[in-house]
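Asks: Protein chains in written order, with our numbering: chain A, 1 to 132; chain B, 1001 to 1220; chain C, 2001 to 2551.
Treat the hints as calculated values from the structure; they're not laboratory data. Treat the hints with caution; some may be incorrect.
[To be verified] Only some residues are given here: those of chain B computed to face chain C with a beta carbon under 8 Å:
1. 1028
2. 1033
3. 1039
4. 1159
Heads up, the beta-carbon is just placed ideally off N, CA and C, and yes, glycines get one too.
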Amino acid sequence: MNREDNKIVAFCCEHSAYQVADKAGRMRLHYPDNVRIIRVPCAGRVDVQHILKAFEKGAAGVLVMGCQEGACQHLTGNTRAKKRVKYAEDLLKEVGIDGGRVKMVNLAPDMAQRFIREVKEMAEKIEGEMRR
Amino acid sequence: MIIAERKPLEEIKSMLSGYKKILLVGCRTCVTICWAGGEKEVGILSSQLKLASSGEGNELSILEATVERQCEKEMVIEELRDKVQEVEAILSMGCGVGVQTIAEIFEEKPVFPALNTTFIGMPEAEGVWVEKCGTCGDCMLYWTGGICPVVRCAKGLLNGPCGGTRKGGKCEIDPEKDCAWVLIYRRLEKQGRLDLMRKYYEPKNYRAVKRPGRVEAATA
Amino acid sequence: MQVRIGIFLCDCGESLKNIDFSRIRGDLQRLEDIAFVDISHNLCLEEGVKAMTSRILAENINRVVIGACSPELCEHSFSRLLKGLRLNPSLLSLANIREQCSWAHEGDVTGKALELMRMAVNKARFLQPVEKKDIPVNKEVLVVGGGFSGMRSALELSRLGLRTTLVERESVSGGKLGEFESFHGIETTPEEMLSSTRKAVKENADIKVLTSAEVTRVEGQVGDFTASIGRGEEKVSQSFGAIIFATGYMTKILPQDFQLKPDVNIISQRKLVEMLQAPGKLERRPGTIGFVLDVSDENSRLPILSTLNNALAVKERLGSEVYVFCKSLKVDSEGVEKLYREARERGVVFLKFEEKPRISKEDGRVKVEARDVLLGEEVTLLCDSLVAEEKVLPPEGTEALSSLLNIGTDSAGFYQDENVHLYPVASERKGIFFVGGCKGDLDFTRTLADISSATMSIYKLLSPEKVIVEVEKVKVEPEKCRACLTCVRVCPHGAIQMVRVDTEKEVAKIYDLACDGCGICAAICPAKAIRFEGYADEQILAEVEAIGESL
């Protein structure tokens, strides 16, 4: 991966976001095709290292997508992920990568439109910064 | 155990300026447990340094390693002996002791600290560590119901509160902190040992000649 | 052993037209450890399954990668297929090239599909087999609390073929049910319900009742809990497969709100019930009875339930005038709104206050003064008896027990009210359940439903002939474990405990039956000592690296 490829790595929790992405596909709702979804059992499985490694290997943006607050089947998974995303954001700022290239998104399994919006927003942000 | 924190990235980067190939070494003991310099933190710092250096146009090559305990000579030698040959400098994510152990063994290679070693403490809650012991070398916990005034009293008083304790038993200097002597009083009260507070404690001897400390076991 | 990967691509009845499957096959075939790449039109139909089966049997492969529809749809059947062919189902890696690729984008998506396949192949290289094993579990259940909920749970478990030990702290079982005078609208009185339930329990050979006994310690995990039960001087240890807590609640009249003095006639609901049950014994019939609510606790439903039931009973049996002072009468429990309307029809007067009523003594009667919000006036009531509101509290010992078990309580101290949407009767620890009053709110109908739900869950956990677990799917590597206790503290299901390995160091151990596979421990372990097969660090990293990897 090179930063110019504009790839977005999306870690998607199997209880919510992964299903949402499937739903978007079933409804033929289109979104940018530079997204690569990695399925995880819970957003809490995603660690700071995974996020940083994704950028190290050339990702332009990372989304961590889990259940809505209060609805995590494993109770604390999504809140932990949120904290880690914030920490990763600070670590990336330290090396000059900022502008919201890593983001935590909370979804219920039926929020296909929201999923599309978040992906499009990230794709636009990356592209905008590339052009600069 | 020893608690440490990672230095700001800018400071670490300035130490590494001019070097093209380094060895980044973590430690699996104290600094792993306080989330500062374990295998995980080595990976994170490595990613950051690579991202930073490629962004600035100079490729920094990083070899990663983690030693079981950086303060044990044999373990350091075993883990790093071969890797050290390939690099220009070593960035240690161990505590100050670890950094110095590595430096002593591989004298020709510059060794830099990625962490600031802060205190001896324990976990208060997940991800939160607090200082408990001042390593004064003259433990008075018998007299204070198990609460250390050297560390927990902002003024390090040894014979009772300063008289400026705030309402709710908070410290005059730092209102977020509990007054250590209030805590000590209450603890001794619970144990029915309040008479111990009558003991007069002489000022502690902090003279420079005491450092570096050295302890030799009788059966050494 | 050399990794050899067999790849199957499904074009979903040739409908995924924006993917050039032969190009993908050509690219994948060039990779070094690929044994074959087959294209099928229908891996989900018999024809496709047959072809896949014969291919796998013919070739010597040890990893399978399939690019098809969403794993949510097909993972289960492909796993079963692999199992039938003596390949460990954990050696399967799936790529979602339909819902998350072909259907999700316009135009040609061959490039993305190829990358998704490369990600799955990369991951497959690091997959390890996970064995399944039948583990022995203890099929006996511990029920803590011999009130109605506890007894009813034991009876239902017996119907499901499970034996229980019922532990009750008091010398007599029954709990609080006997304190209720009646449930308005239900013919059977609480007293009758209680005695028939007690009788059924006594006559049931599957239920062992221990009264004047208390659970002092619980260790272990689902399938193998060890409980210490103290009975006077005696202490016994027994093993159980699951535990139901039916520890109930207690009520207290808060002295700061109501002062109970011997000469002031402020009474508890229980005292009122005594009066109602023996009206003949009363010196004189009380002319006016007052109730006060929403002073000690604005949220509990029990005082409202008792008040309405007892107010109606007063009207029926004593004929007194009844006044209820309340702030906001919450009638959302089952049947309570109906009760309220009936009470009003029978002449119970409800007075709504904003500020706390002032209670004092006057001429041997109780004086209640409050500003009625609707009238806009001060109201003074002199009553012969004032029934004080009781605050519903968790019974003594709840806090100690919950920290013993590593189970959360809510801000009022009741069990798991936080998780009530996700786990209505189960606690976050597998094998431990809560029913009845100890959950913090009282609703008779809901309690019955909770009991059925909990007992059925236990039946599912313990009763089948074999209990199968995936052995060490999430595993702590003892040599790397630093015994820092982070995973033990962090596991939301309490599935991790410290154990001594070979009488040497203490390390963390994950209990397979209790583990719910979230991976939070694997992510947080500072020593990276926990491996989660299927989502291990190197597997996730391999997927990331495959993105944009040149061939």
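Asks: Hints first: check each against the structure and report whether it holds.
Replies: A quick look at each hint next to the structure:
1. 1028: Interface hint status for residue 1028 of chain B: holds (6 Å vs cutoff 8 Å).
2. 1033: holds (4 Å)
3. 1039: holds (5 Å)
4. 1159: For residue 1159 of chain B, the interface hint is violated, since the closest Cβ of chain C sits about 37 Å away, which is over 8 Å.
Against the hints set out earlier in the document, a violation occurs for number 4 only.
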